[in-house]
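Line order of the protein sequences matches chains X and A. Residues in the first sequence are numbered from 3 upward in steps of one, following my numbering. Residues in the second sequence are numbered from 3 upward in steps of one, following my numbering.
The hints are simulated quantities; they were obtained by calculation from the structure and are not laboratory data. Just so you know, not all the hints are guaranteed correct.
[Stated by the list, open to error] Taking lysine-lysine pairs in the DSS-like style, the calculated list, with each CA pair at most 27 Å apart, reads:
| id | chain 1 | residue 1 | chain 2 | residue 2 |
| --- | --- | --- | --- | --- |
| 1 | X | Lys52 | X | Lys313 |
| 2 | X | Lys623 | A | Lys175 |
| 3 | A | Lys189 | A | Lys101 |
| 4 | A | Lys38 | A | Lys189 |
| 5 | X | Lys623 | A | Lys84 |
| 6 | A | Lys146 | X | Lys737 |
| 7 | A | Lys84 | A | Lys125 |
| 8 | X | Lys344 | X | Lys390 |
| 9 | A | Lys73 | A | Lys84 |
| 10 | X | Lys344 | X | Lys382 |
| 11 | A | Lys7 | A | Lys244 |
| 12 | A | Lys125 | X | Lys623 |
| 13 | A | Lys101 | A | Lys146 |
| 14 | A | Lys146 | A | Lys189 |
| 15 | A | Lys175 | A | Lys38 |
| 16 | X | Lys313 | X | Lys327 |
| 17 | A | Lys203 | X | Lys737 |
| 18 | A | Lys244 | X | Lys623 |
| 19 | X | Lys406 | X | Lys313 |
| 20 | A | Lys175 | A | Lys84 |
| 21 | X | Lys737 | X | Lys623 |
| 22 | X | Lys311 | X | Lys262 |
| 23 | X | Lys737 | A | Lys125 |
| 24 | X | Lys623 | A | Lys101 |
| 25 | A | Lys123 | X | Lys737 |
| 26 | X | Lys623 | A | Lys7 |
| 27 | A | Lys7 | A | Lys203 |
| 28 | X | Lys313 | X | Lys390 |
Next come the chains, spelled out residue by residue.
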Amino acid sequence: MNAAFLKKVKRNDQLARWVITVGGMAIIFSVIFILVLIAKVSLPLFLAPKAQLQQVVQLDRANEQIVTFGHDEYMETAYRLLDDGTTVFFNLEDGSEIDRFEPDPPAEGLTPLTVESFGRLRQAIGWSDGQLTVSQVRFKPFFDINNNNQRRIDHEIIPLALFPTPADGIPLISQARIDEEGRQTRVNRYPGNHLTLQVREVSENFLGDEEITETETTLSFNSSGTLTTLILSAAGQHLYAGTDRGELLRWYLSDTEEPKLIETVQAFADQRSITALNLVLGDVSLAVGDETGQVSTWFPVRDEMGDKKLKRIHTLSQHNGAVQKILPSPQDKSVISLGPNKLILDLMTSERFLLAFGEEEGLIDFRLSTRGDSILALTKEGRLLSWKLDIPHPEISLGTLFGKVWYEGYDEPVYAWQSSSASDDYEPKLSLAPLIFGTLKGTFYAMLFAVPLAIFGAIYTSQFARPRLREWIKPAVEVMAAIPTVIIGFLAALWLAPLIERSLGGVFLSLILLPAALMLSILAWQGARKIEPLKRLERGFEFLAIAPIIILTIAIAAACGPGLENLFFAGDLKQWLFTEMGTRYDPRNCIIIAFAMGFAVIPITFTIAEDSLSNVPNSLKAASLALGASRWQTVWRVILPSASPGIFAGTMIGFGRAVGETMIVLMATGNTAIMDLSIFNGMRPLSANIAVEIPEAPVDGSLYRTLFLSAVILFVMTFVVNTIAEIVRQRLRAKYGKF
Amino acid sequence: MTDYKPANPVLEVQDLRFYYGDSRAIHGVDITFPEKQVTALIGPSGCGKSTLLRCFNRMNDLIDISRVEGKVLLDGQNIYDKSTDIIELRRQVGMVFQKSNPFPKSIYENVIYGLRIAGEKDKALFDERVETSLRGAALWDEVKDRLHDSALGLSGGQMQRLCIARAIAVNPKVILMDEPCSALDPKSTARVEELIGELRKNFTIIIVTHNMQQAARVSDNTAFLFEGNLIEYGPTDQLFVKPQNKQTEDYITGRFG
Chain X
3 MNAAFLKKVK RNDQLARWVI TVGGMAIIFS VIFILVLIAK VSLPLFLAPK
53 AQLQQVVQLD RANEQIVTFG HDEYMETAYR LLDDGTTVFF NLEDGSEIDR
103 FEPDPPAEGL TPLTVESFGR LRQAIGWSDG QLTVSQVRFK PFFDINNNNQ
153 RRIDHEIIPL ALFPTPADGI PLISQARIDE EGRQTRVNRY PGNHLTLQVR
203 EVSENFLGDE EITETETTLS FNSSGTLTTL ILSAAGQHLY AGTDRGELLR
253 WYLSDTEEPK LIETVQAFAD QRSITALNLV LGDVSLAVGD ETGQVSTWFP
303 VRDEMGDKKL KRIHTLSQHN GAVQKILPSP QDKSVISLGP NKLILDLMTS
353 ERFLLAFGEE EGLIDFRLST RGDSILALTK EGRLLSWKLD IPHPEISLGT
403 LFGKVWYEGY DEPVYAWQSS SASDDYEPKL SLAPLIFGTL KGTFYAMLFA
453 VPLAIFGAIY TSQFARPRLR EWIKPAVEVM AAIPTVIIGF LAALWLAPLI
503 ERSLGGVFLS LILLPAALML SILAWQGARK IEPLKRLERG FEFLAIAPII
553 ILTIAIAAAC GPGLENLFFA GDLKQWLFTE MGTRYDPRNC IIIAFAMGFA
603 VIPITFTIAE DSLSNVPNSL KAASLALGAS RWQTVWRVIL PSASPGIFAG
653 TMIGFGRAVG ETMIVLMATG NTAIMDLSIF NGMRPLSANI AVEIPEAPVD
703 GSLYRTLFLS AVILFVMTFV VNTIAEIVRQ RLRAKYGKF
Chain A
3 MTDYKPANPV LEVQDLRFYY GDSRAIHGVD ITFPEKQVTA LIGPSGCGKS
53 TLLRCFNRMN DLIDISRVEG KVLLDGQNIY DKSTDIIELR RQVGMVFQKS
103 NPFPKSIYEN VIYGLRIAGE KDKALFDERV ETSLRGAALW DEVKDRLHDS
153 ALGLSGGQMQ RLCIARAIAV NPKVILMDEP CSALDPKSTA RVEELIGELR
203 KNFTIIIVTH NMQQAARVSD NTAFLFEGNL IEYGPTDQLF VKPQNKQTED
253 YITGRFG
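Whole structure, please, built from the sequences with the hints as guidance.
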């Protein structure tokens with residue numbers, strides 16, 4: 003070898019080493035990079051909520067009394083309503099006045115007596131003669147063409163309704179709501195637990211003229227205490243009231259002639275006074291604040307008698323004094339409450355404390371913007387403070403992702419996944435528990451079916467079948483792995499599922515008949531194996547004898563199935579399962595999944611197990627046989643232990659495959675996110691869930707990030723499984739040697 | 003001198019022919035192995051000595067396309083009879099392979115493997131057999147403190163002696179050795195050879211070897227095979243000193259092989 007050639011060889015050696023090192027590192031880094039990318043999308047779910055004080059505006063408290071106030075969602079313009087009825091719009095940054103609306107009372111010389119702000123910048127103003135107007139302030143961004151296209155916020159006040167003076171005179175306090183059909187509801191509270199309901203319904207008669215029906219009824223009730231606070235639902239259908247003796251009352255106001263008091267609940271045994279009420283977004287849950295400073299939410303739950311009764315569901319934060327006011331977020335199920343010295347933001351669903359702010363500012367009142375992302379609060383000294391809220395994903399916490407949560411309308415806490423619904427004010431149910439459960443359940447049943455088949459198949463092929471046969475079986479099974487999973491899923495869902503559903507009796511019968519028939523035929527074989535033509539079968543062609551037996555048994559089972567169903571299960575096994583065993587039979591269930599996913603798992607597990615079995619050195623096999631071991635003894639005592647690292651690895655890689663499998667489970671599981679171990683039910687695995695929901699998830703929304711989080715979990719699950727597998731494999735290898 | 007008939011025959015081979023598919027590897031061999039002696043089979047590579055050896059415990063049955071004609075009598079009973087139980091046969095005719103092949107189990111489990119597969123469960127018997135077999139294989143003193151360690155931790159020579167211990171644990175009549183020292187260093191070889199000398203007191207040993215010095219050192223009788231034929235068979239000292247056949251002489255003097 004001359005020097006130049008030697009140099010070249012060495013150079014190539016170096017080069018190859020570099021290429022291999024760089025390639026290997028690149029693979030490791032890209033896997034880590036993918037994990038980092040996915041995790042990066044999901045991490046903002048757990049960002050801490052923040053409230054940032056934006057502006058402080060000092061108002062002239064000496065010359066004006068503020069009755070109500072509000073601000074636009076851009077935090078640029080705000081308004082205040084003064085006690086003489088004047089509305090002043092002002093710049094929120096410096097407090098400078100922009101515009102002034104003169105009072106607009108229903109009659110000359112009236113002044114506002116009571117004001118209730120509700121909903122999207124609406125206010126019900128009770129005037130000094132008992133009449134009540136409902137108006138709405140509207141802000142609109144606007145680009146001024148005359149002024150260099152400068153952006154301005156336009157504002158206007160829209161009158162919505164006018165209620166006449168009630169028959170009983172001027173009330174202490176009134177609340178009014180207008181629903182989408184134009185029904186106007188007003189509730190008036192007078193001293194001495196006297197409540198009246200005024201309803202104005204505008205309808206069209208057959209001539210096309212407007213007709214107004216006005217009714218006024220007294221809402222009578224018995225209470226040991228005095229009414230302290232009221233809340234009317236957004237459509238004016240429900241009325242809730244609290245008393246100073248800890249009672250909660252609930253009315254249903256749909257029938258205007260006979261409004262119905264549904265229940266009176268002694269909410270607090272210690273008879274503490276209820277000081278604040280409001281309805282959480284969606285008008286199902288009632289947020290209750292009391293004199294001890296406790297905030298809790300309530301909604302009607304079915305009791306033992308089957309009646310819906312208000313029940314305390316969630317206990318939120320505790321103030322250090324009476325709760326003064328509660329406002330619901332217009333965006334989600336969070337609740338802001340004002341105590342003696344601070345504001346607290348809680349998420350109802352998970353009872354998660356999000357934020358406390360405005361400590362020691364002397365706050366007396368506050369408003370939320372229509373988007374719920376900013377707060378304007380008034381202090382005793384007449385300062386207006388505004389906060390910008392940054393709560394990226396309030397509904398996500400470890401509790402809601404993995405624990406049981408009591409959702410609105412449910413009778414108990416549950417694990418649930420329901421990411422979207424028909425209405426905007428639904429409670430997103432993003433529990434990953436049923437999905438992880440689904441993944442594990444599907445994998446479990448698939449492995450239960452696939453692993454014994456794959457391993458026994460591998461043992462047979464490598465140890466008992468003739469080498470010629472092995473040359474056929476192995477590539478054939480490997481081709482199975484090449485079948486696109488969408489085809490497997492498609493066949494499972496559209497061909498296998500209906501087939502099994504139709505002949506369920508036959509399927510069960512063959513489960514009993516098949517092993518029995520195999521046992522019998524093996525016993526028969528013991529006698530027949532000495533006969534000359536059959537003897538030739540024994541070495542590697544036994545399956546030829548077994549095949550007709552299996553086919554025949556299945557045929558018999560299929561033929562007898564319906565008859566058996568008629569005989570024992572009243573003709574319908576599914577119905578019997580449901581009524582007698584209490585299990586529902588889903589057409590897409592774990593039997594289907596076991597078959598279909600088994601189809602995906604078997605080839606990998608089989609190939610790896612077969613390789614490792616075949617790679618056990620012949621010298622070991624010879625040693626065992628030479629000591630007088632039978633073929634099976636050799637397999638059981640020598641080949642299997644020696645091949646165990648490979649068999650284990652094959653099983654684990656099959657497991658990893660089943661965990662990550664998407665297309666088959668997507669098509670054949672039914673995608674029902676339930677937590678039921680029953681083999682007759684479907685499930686929704688993590689992977690299928692991502693595939694189903696990611697196209698519909700708004701980018702960077704909670705659902706979107708939660709799906710990425712579930713991808714991280716999937717990633718970690720496979721990583722952990724593979725790591726454990728590798729560790730176990732190494733130990734087995736150390737124990738049984740390397741060949 | 004292929005008609006050499008030693009006394010006290012244990013294994014008698016009559017007109018044995020062996021085929022791999024259509025090609026014949028052994029062309030009618032007649033040979034008799036005497037009890038409690040060491041017989042060496044020598045010959046150049048590919049002469050069929052290993053194949054012949056494997057006919058004695060029917061290990062060749064594992065080869066799909068093989069076929070055997072003729073008789074091999076073990077205590078007068080033809081092992082190729084249909085009534086012969088292969089498992090029983092292999093318990094009487096043990097084997098030690100060219101490459102040591104201990105099971106990936108403990109030393110203890112390796113030794114009692116033959117007993118276990120025969121359905122033996124007696125712990126006391128196991129303990130006793132492990133000791134006698136390991137002593138018999140001159141391994142006891144080296145491993146008695148680590149009987150439950152993996153056999154794969156032993157040295158090459160120890161492993162081969164463990165394989166011998168494993169073979170003698172079931173008390174066979176005959177032990178077949180297929181070049182047992184070819185993968186060992188000289189020192190280990192010497193120990194195994196010494197061991198063979200001890201074992202001949204209790205067992206009939208048939209050893210295939212490449213190494214003529216080894217055959218000369220350990221064996222009582224030697225058979226020279228060439229191209230599937232038994233060329234010469236006789237007491238070792240005679241065959242090496244005064245070979246009757248030209249081919250034998252050429253081989254043992256190193257003219258071919």
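Results for each hint:
1. Distance restraint check for Lys52 (chain X) and Lys313 (chain X): the Cα-Cα separation of roughly 31 Å exceeds the 27 Å cut-off, and the hinted pair is therefore not satisfied.
2. Distance check on the hinted pair: Lys623 (chain X) and Lys175 (chain A) sit about 22 Å apart at the alpha-carbon level, within 27 Å; holds.
3. Distance hint between Lys189 (chain A) and Lys101 (chain A) is fulfilled; the C-alpha atoms sit about 16 Å from each other, no more than 27 Å.
4. For the hint pairing Lys38 (chain A) with Lys189 (chain A), the CA-to-CA distance comes to about 25 Å; that is within 27 Å, so the pair holds.
5. For the given pair, Lys623 (chain X) sits about 24 Å from Lys84 (chain A) by alpha-carbon distance, which is consistent with the 27 Å threshold.
6. Among the hinted pairs, Lys146 (chain A) with Lys737 (chain X) is consistent with the structure: their alpha-carbon atoms are about 20 Å apart, no more than 27 Å.
7. Taken as a hint, the Lys84 (chain A) and Lys125 (chain A) pair is broken in the structure, with Cα atoms around 35 Å apart against an allowance of 27 Å.
8. Between Lys344 (chain X) and Lys390 (chain X) the alpha-carbon distance is near 16 Å, which keeps this suggested pair within the 27 Å criterion.
9. A hinted pair counts as satisfied when its Cα atoms are at most 27 Å apart, and Lys73 (chain A) with Lys84 (chain A) qualifies at roughly 12 Å.
10. A C-alpha spacing of about 13 Å is found between Lys344 (chain X) and Lys382 (chain X), which places the hinted pair at or below 27 Å, so the restraint holds.
11. At roughly 18 Å between alpha-carbon atoms, Lys7 (chain A) and Lys244 (chain A) fall within 27 Å of each other, so this suggested pair holds.
12. A hinted pair counts as satisfied when its Cα atoms are at most 27 Å apart, and Lys125 (chain A) with Lys623 (chain X) qualifies at roughly 25 Å.
13. Only pairs whose Cα atoms come within 27 Å are accepted, and Lys101 (chain A) paired with Lys146 (chain A) is accepted, the gap being roughly 23 Å.
14. For the hint linking Lys146 (chain A) to Lys189 (chain A), the alpha-carbon distance of about 21 Å falls within 27 Å, and the restraint holds.
15. For the hint pairing Lys175 (chain A) with Lys38 (chain A), the CA-to-CA distance comes to about 9 Å; that is within 27 Å, so the pair holds.
16. Note on Lys313 (chain X) and Lys327 (chain X): the hinted pairing holds, with a Cα-Cα distance of about 21 Å set against a maximum of 27 Å.
17. Restraint check: the Cα-Cα separation between Lys203 (chain A) and Lys737 (chain X) comes to about 37 Å, which exceeds 27 Å; the hinted pair is violated.
18. Our distance criterion of 27 Å between C-alpha atoms is broken by Lys244 (chain A) and Lys623 (chain X), whose separation comes to about 41 Å.
19. A C-alpha spacing of about 18 Å is found between Lys406 (chain X) and Lys313 (chain X), which places the hinted pair at or below 27 Å, so the restraint holds.
20. About 21 Å separates the Cα atoms of Lys175 (chain A) and Lys84 (chain A), which keeps this hinted pair within 27 Å; it holds.
21. Between Lys737 (chain X) and Lys623 (chain X) the CA atoms are separated by roughly 18 Å; this keeps the pair inside 27 Å, and the hint holds.
22. Our distance criterion of 27 Å between C-alpha atoms is met by Lys311 (chain X) and Lys262 (chain X), whose separation comes to about 15 Å.
23. Between the alpha carbons of Lys737 (chain X) and Lys125 (chain A) the distance comes to roughly 23 Å, so the proposed pair stays at or under 27 Å and holds.
24. Proposed proximity of Lys623 (chain X) and Lys101 (chain A) is supported: the alpha carbons are some 13 Å apart, at most 27 Å.
25. Restraint check for Lys123 (chain A) and Lys737 (chain X): the C-alpha separation of about 24 Å stays at or below 27 Å, so the hint holds.
26. Restraint check: the Cα-Cα separation between Lys623 (chain X) and Lys7 (chain A) comes to about 35 Å, which exceeds 27 Å; the hinted pair is violated.
27. As the CA atoms of Lys7 (chain A) and Lys203 (chain A) are separated by approximately 20 Å, the hinted pair is consistent with the 27 Å bound.
28. Between Lys313 (chain X) and Lys390 (chain X) the CA atoms are separated by roughly 34 Å; this puts the pair beyond 27 Å, and the hint is violated.
In this structure, the hints that do not hold are numbers 1, 7, 17, 18, 26, 28, in rising order.
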